[in-house]
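6 protein chains.
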Amino acid sequence: MELTISRESHFNAAHRLNVEAWTEAENKAYFGLCNNPNYHGHNYKVIVSLTGEVDSVSGYLFDLKILKQIIDEEIELKFDHKNLNLDVEEFKITNPTVENISILIWKLLRNRIDKKYKLKITLYETERNFVEYNGN
Amino acid sequence: MELTISRESHFNAAHRLNVEAWTEAENKAYFGLCNNPNYHGHNYKVIVSLTGEVDSVSGYLFDLKILKQIIDEEIELKFDHKNLNLDVEEFKITNPTVENISILIWKLLRNRIDKKYKLKITLYETERNFVEYNGN
Amino acid sequence: MELTISRESHFNAAHRLNVEAWTEAENKAYFGLCNNPNYHGHNYKVIVSLTGEVDSVSGYLFDLKILKQIIDEEIELKFDHKNLNLDVEEFKITNPTVENISILIWKLLRNRIDKKYKLKITLYETERNFVEYNGN
Amino acid sequence: MELTISRESHFNAAHRLNVEAWTEAENKAYFGLCNNPNYHGHNYKVIVSLTGEVDSVSGYLFDLKILKQIIDEEIELKFDHKNLNLDVEEFKITNPTVENISILIWKLLRNRIDKKYKLKITLYETERNFVEYNGN
Amino acid sequence: MELTISRESHFNAAHRLNVEAWTEAENKAYFGLCNNPNYHGHNYKVIVSLTGEVDSVSGYLFDLKILKQIIDEEIELKFDHKNLNLDVEEFKITNPTVENISILIWKLLRNRIDKKYKLKITLYETERNFVEYNGN
Amino acid sequence: MELTISRESHFNAAHRLNVEAWTEAENKAYFGLCNNPNYHGHNYKVIVSLTGEVDSVSGYLFDLKILKQIIDEEIELKFDHKNLNLDVEEFKITNPTVENISILIWKLLRNRIDKKYKLKITLYETERNFVEYNGN
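Chains as they are written, first to last, in my numbering: chain A, 1 to 136; chain B, 1 to 136; chain C, 1 to 136; chain D, 1 to 136; chain E, 1 to 136; chain F, 1 to 136.
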């Protein structure tokens, strides 16, 4: 019996969308307000979803207390109340779009979650804009 | 790397559920309050989801500013503050159920979004009733 | 010990904003899209709040099962799945703005709720637009 | 044309996570606060999703009035304002985790919904913890 | 300059509405499903609001990190994952209605918050039922 | 007949909490993660509430189309996708706490809204932290 369990978390961060290889004018034209060199920010909402078998004795697919701890260690500590461009190593070379943030979160958690579970990340940048990534 | 990006939008419209080929009594029995000949209405919430490859330079799957513009042109202009039965050509012959509205929205956007992106529509008629359609 | 208890309810209705005494052009200029002669509609959310003393034995300020029944009889039956302009007597002469709808709801419930309770109505026309009325 | 229609419902229940075969200390260590022998409780939110063909005449995939009635009979009556461990036969032997509750809801509704529709359950135990189950 | 700052928190608890002085039949008739002797439960949402002067140097009315800690100590520890009737001393003699829970929360926090701040509690028992209490 | 009408808006901004007159260590101790010199950010939600008389002819208290335009000009243009500390003149000398941001928004709108209307600002920094300010 395969089932999916999800845990929602939040982090508040500053960022700026900018491609190093492009000119200032190109960046401003492409990213608009999101290119502000002084940064802007968001309350990001992240939903971590694990798919796998339910343990027939405990009735747990995955202990959400442990999942919360992994999210705290890998995501909250790294992203919360941070400037994604300046404080997160990976975004010194990669543009911190909502797409790229979700891919990085997936990679960070994939290292910590047993491969017998499928992993999917849903990341809201605002209430109206969000992405989903499952590693495929 | 395939990812899904979504943009939420809203429109407020009146409608009435009614099948021309049925008698007044049949329509009333089948659709109940939704058959009110004077119409009722909803705040519709629509989520447009595109699945595709993330551009390795910009970090964008699809520019949400452009997606918002397409939604404004194709959906807001056509449905917002309208009577779906009277003001929308397609619903003069088709019953504007939440199912049929989602199919029409999918078709309208499919014409505007490059085929390299998969397209899915999620449409909420109320907070508690919603449909999903991906063209299959 | 004075306390306020609130119950949320919903109704879905069509309406049109229009002032009989104005010309068609004046109405269109003033009310814009809301003046569509074919109507549009909303999922209205109404919060009914009663302020009074908590009964020291039961621990109830007002039985919410009874409040729900009063709301069903006075508000749901009258407004849900209706056209406010055509189906609600009071709006044949008054413009069904969110302000005027909240005032009517307040009057309808005031007749049914013992005067020892203060009564306040909060009415959402959309998630982003709402009014509050307490009879003063 | 295959489409998915969903209906959201709610029930408020008490429960306790506990495995009969384990010692008191093992249960407390594994389930933590959720093992409180006096029970705790939740407002559960359940979303029932049916996937199938839209009827070309009515424009309905499934009549939501009927789906609501089935949910009321099978889920609300059985779970709402109940103690899952004491009042629900199936949880006298099975641990009422959110995973196991979703599986039971799926089974109860599968008996009532025509097999031509795929059935999926989404169950929120809190705003931040939820599961999805589709019978596979 | 007087301002109000609010912090939202949550706890999940079981309870039963029952008045010791009444017969079983009276309790069942008055409280209905809420009188289930086996208990039911809720995800309670509590909003703690402090009104006072903003400090002209720090720009803080009250440090929300400290407010969160006080709420954790006084409310979470006492109510979260508890049976209100059995685990909370005050509700062994008082009926744990949403009204009475809000009054108890107010008293517990009033002891911890400097009297120069006005204190108000908003407590949601479900998304649709809630109370407000400010000590008057 | 006095009534209150409200309009919700949003802006996404970066900020840092810091008092110039304090040492780096004092700021870090007092503001914690919020003192990150590289900034962090939020999706701010602002609710603008006007209280006044309903016009007996139009049924409007205040035209929400005009209120939206004023909010766009005074708040969105100034705060959205900005760094509050660097891009907003007033916060070069004042600490951009949620309290101080709400006071500034109130002042900016007070200049634009006729004094016959009472004005109140509700500002959410996160879903769980918010302030209310009405100029008293």
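In short, the hints are calculated from the structure, not lab data. Model, not experiment: these values are computed from the prediction. Take the hints with a grain of salt, since some may be wrong.
[Claimed, not checked] 25 Å max Cα-Cα, derived DSS-like pairs, lysine-lysine:
no., chain 1, residue 1, chain 2, residue 2
1, C, K120, B, K78
2, A, K65, E, K115
3, E, K115, E, K68
4, B, K78, A, K118
5, C, K120, F, K120
6, C, K45, F, K116
7, C, K68, D, K120
8, C, K107, C, K92
9, B, K45, A, K116
10, E, K45, E, K68
11, B, K45, F, K120
12, A, K118, B, K120
13, F, K107, A, K45
14, E, K28, E, K65
15, A, K118, A, K92
16, F, K120, C, K28
17, F, K120, C, K118
18, D, K65, D, K28
19, C, K28, C, K68
20, A, K120, B, K78
21, A, K45, B, K78
22, E, K65, C, K118
23, B, K118, D, K118
24, C, K68, E, K118
25, A, K45, E, K118
26, D, K78, A, K120
27, F, K116, C, K120
28, A, K116, D, K65
29, E, K118, F, K78
30, B, K68, A, K115
31, A, K65, D, K118
32, A, K68, E, K45
[Said to hold, decoys possible] Which stretches of chain B does chain D cover? Using the computed rule of at least three CB atoms under 8 Å from a CB of chain D, they are:
no., region
33, 52-61
34, 70-84
35, 97-105
Glycine included, C-beta positions come from ideal geometry on N, C-alpha and C.
Here is how each hint holds up against the structure:
Of the pairs offered as hints, the one joining C:K120 and B:K78 is violated, with about 37 Å between alpha carbons and a cut-off of 25 Å exceeded. Of the pairs offered as hints, the one joining A:K65 and E:K115 is violated, with about 37 Å between alpha carbons and a cut-off of 25 Å exceeded. Taking the CA atoms of E:K115 and E:K68, the gap is near 18 Å; set against the 25 Å cutoff, the hint holds. Between B:K78 and A:K118 the CA atoms are separated by roughly 40 Å; this puts the pair beyond 25 Å, and the hint is violated.
The suggested pairing of C:K120 with F:K120 holds, with an alpha-carbon distance near 18 Å, which does not exceed 25 Å. At most 25 Å may separate the alpha-carbon atoms for a hinted pair to count; C:K45 and F:K116 exceed this at roughly 28 Å. Using a Cα cut-off of 25 Å, the hinted pair C:K68 and D:K120 is violated, with the two alpha carbons roughly 31 Å apart. Among the hinted pairs, C:K107 with C:K92 is consistent with the structure: their alpha-carbon atoms are about 17 Å apart, no more than 25 Å.
Of the supplied pair hints, the one linking B:K45 and A:K116 is violated, its CA atoms being roughly 36 Å apart against a limit of 25 Å. Taking the CA atoms of E:K45 and E:K68, the gap is near 14 Å; set against the 25 Å cutoff, the hint holds. For the suggested pair B:K45 and F:K120, the alpha carbons sit about 28 Å apart, so the restraint of at most 25 Å is broken. For a cut-off of 25 Å, the pair hint linking A:K118 to B:K120 stands: about 22 Å separates their Cα positions.
For a cut-off of 25 Å, the pair hint linking F:K107 to A:K45 is broken: about 31 Å separates their Cα positions. Between the alpha carbons of E:K28 and E:K65 the distance comes to roughly 43 Å, so the proposed pair goes past 25 Å and is violated. Taken as a hint, the A:K118 and A:K92 pair is broken in the structure, with Cα atoms around 29 Å apart against an allowance of 25 Å. Of the pairs offered as hints, the one joining F:K120 and C:K28 is violated, with about 30 Å between alpha carbons and a cut-off of 25 Å exceeded.
Our distance criterion of 25 Å between C-alpha atoms is met by F:K120 and C:K118, whose separation comes to about 22 Å. For the proposed pair D:K65 and D:K28, the alpha carbon gap of about 43 Å is over 25 Å, so the pair is violated. For the hint pairing C:K28 with C:K68, the CA-to-CA distance comes to about 38 Å; that exceeds 25 Å, so the pair is violated. For the suggested pair A:K120 and B:K78, the alpha carbons sit about 35 Å apart, so the restraint of at most 25 Å is broken.
Among the hinted pairs, A:K45 with B:K78 is inconsistent with the structure: their alpha-carbon atoms are about 32 Å apart, more than 25 Å. For the hint linking E:K65 to C:K118, the alpha-carbon distance of about 36 Å lies beyond 25 Å, and the restraint is violated. Taking the CA atoms of B:K118 and D:K118, the gap is about 22 Å. The hint holds against a cut of 25 Å. A hinted pair counts as satisfied when its Cα atoms are at most 25 Å apart, and C:K68 with E:K118 does not qualify at roughly 32 Å.
A C-alpha spacing of about 32 Å is found between A:K45 and E:K118, which places the hinted pair above 25 Å, so the restraint is violated. Proximity of D:K78 to A:K120 is assessed by CA-CA distance (about 33 Å); at most 25 Å being required, the pair is judged violated. Among the hinted pairs, F:K116 with C:K120 is consistent with the structure: their alpha-carbon atoms are about 22 Å apart, no more than 25 Å. Proposed proximity of A:K116 and D:K65 is contradicted: the alpha carbons are some 40 Å apart, above 25 Å.
Straight-line distance between C-alpha atoms of E:K118 and F:K78 comes to about 32 Å, which puts the hinted pair past the 25 Å bound. With a CA separation close to 37 Å, the supplied pair B:K68 and A:K115 exceeds the 25 Å bound. Annotation: proposed proximity of A:K65 to D:K118 is violated, straight-line Cα distance about 32 Å (limit 25 Å). The straight-line distance between the Cα atoms of A:K68 and E:K45 is roughly 20 Å, inside the 25 Å bound, and the hint therefore holds.
Coverage of the region 52-61 of chain B by chain D is violated in this model, with 0 residues showing a Cβ closer than 8 Å to a Cβ of that chain against a need of three. Evaluation of the coverage hint for the region 70-84 of chain B: breached, as 0 residues show C-beta separations to chain D shorter than 8 Å, against a requirement of three. Given a C-beta distance limit of less than 8 Å, the hint that chain D covers the region 97-105 of chain B holds, as 6 residues qualify and 3 suffice.
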